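Novice: Hints are included, so try docking the two chains, each in its own frame, into the full complex.
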Amino acid sequence: MQQEMFRSGWRTVCAAMLVLGTVPALGGCINVAAPDKPIVIELNINIRQEVIYRLAADAANTIEENPEIF
Amino acid sequence: MATPIRKSVAALGLAGAVLVLGIGGVAAAQSRDPSYAAAKAAGQVGEQTDGYLGVVGGQSPDVRAMVKDINNKRRAVYTEKAAGKSTIEEYAFATACRLILETKPGEKYQAPDGTWKTRGAGAPERDPRCP
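One line per chain: the protein sequences are A and B, in this order.
The first sequence begins at 1 in full-length UniProt numbering and counts up by one.
The second sequence begins at 1 in full-length UniProt numbering and counts up by one.
Among these hints, one or two may not hold up.
What the hints assert, rightly or not - Restraint-style ranges between C-beta atoms, simulated for each label pair:
#1 B:Gly-43 / A:Glu-64: 21 to 27 Å
#2 A:Asp-36 / B:Lys-117: 44 to 50 Å
#3 A:Ile-47 / B:Asp-62: 31 to 37 Å
Derived from the structure by calculation, the hints contain no laboratory data.
The structure displayed is predicted, hence computed values, not measured ones.
Beta carbons: idealized from backbone N, C-alpha and C, even for Gly.
Okay, chain B solo, but in the shape it has when bound (with noise of 0.2 Å):
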């Protein structure tokens, strides 16, 4: 008789150890890496208009390997978040429209026709299906 509540208490137990592991994981998660916001403060990176990140001219195997990486992170997200709403591809185009007008002066960004352009005081171009 015993048994199961003792298996719920378990149970419970480590739902809260997950659930710590968890917020632990979001917090630790929440800077961004110094070398990513140092290749995109110089420009060596920038925003796509498919909402992906882009390696802006000739840069090091280093950046490159880090383009991949955030690249395959933000797939995984455009897929959970586009799951019932869109599809991947839309979800990316739409982050994409609010990550360029997001850029910060000096930023590169892709403009519609496929150029990457520095972002300056004004606003950025867009495409013009952004809301």
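Just chain A, with the same shape it has in the complex (with noise of 0.2 Å):
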């Protein structure tokens, strides 16, 4: 039952790319190639100037606050 569903979902993808003029490939209508380099997700995580400007009062406050750890 369930292989009559993949078979036929099968056949609705390729027909679609057939329809779009591509041509399945053996074994499978989708390749995908695995790219060979890493991909890289560059977070920032460096310190922001005009962050650390905009922090100074507010790091002396702390620093006053809590004069047993500084």
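Specialist: So this is what it looks like as structure tokens:
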């Protein structure tokens, strides 16, 4: 039953590809090539100068409020 | 009918007790530990560029343990204060800029190149990103 549904799904995909003008590859319709280099997501973890300027007074207060650890 | 009122009175009393205890705690925390003050004055510990305390050279396990404890407390303060403003790292860095500026002659601080410097009469060497 499930195989039937899968097969019909596969047929639909292939039909769609044929309509679009693509030739289904052997053993399946979709070929995805993994990139040979790792995907790098660059997060901004640097010290932002404008933030440091904005925090100056705040930091001074924190030092004053916690003399036992500063 | 009287129960909710009694409950709220009890809650008020509890809140008052917590407030008094809180103030007591703050008052008790107002003094720097003598061993910390001594280590700082002797240059055994110094201010790092990242907002944490550093051990200068080879020091006793007591000094190292004290530094670790202070740094844990600092991290907690930075985490709390940075919330909604910046990253913890940035908040700690901004505090370091100020702490290095506030060092007294004879105390140690970390220069931007990572080496330990002894604060002299002049301005300390600080990161160019410091205000």
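Novice: Hints first: check each against the structure and report whether it holds.
Specialist: Quick rundown of the hints versus the structure:
1. B:Gly-43 / A:Glu-64: 21 to 27 Å: holds (23 Å)
2. A:Asp-36 / B:Lys-117: 44 to 50 Å: Distance hint for Asp-36 of chain A, Lys-117 of chain B holds at roughly 47 Å.
3. A:Ile-47 / B:Asp-62: 31 to 37 Å: holds (33 Å)
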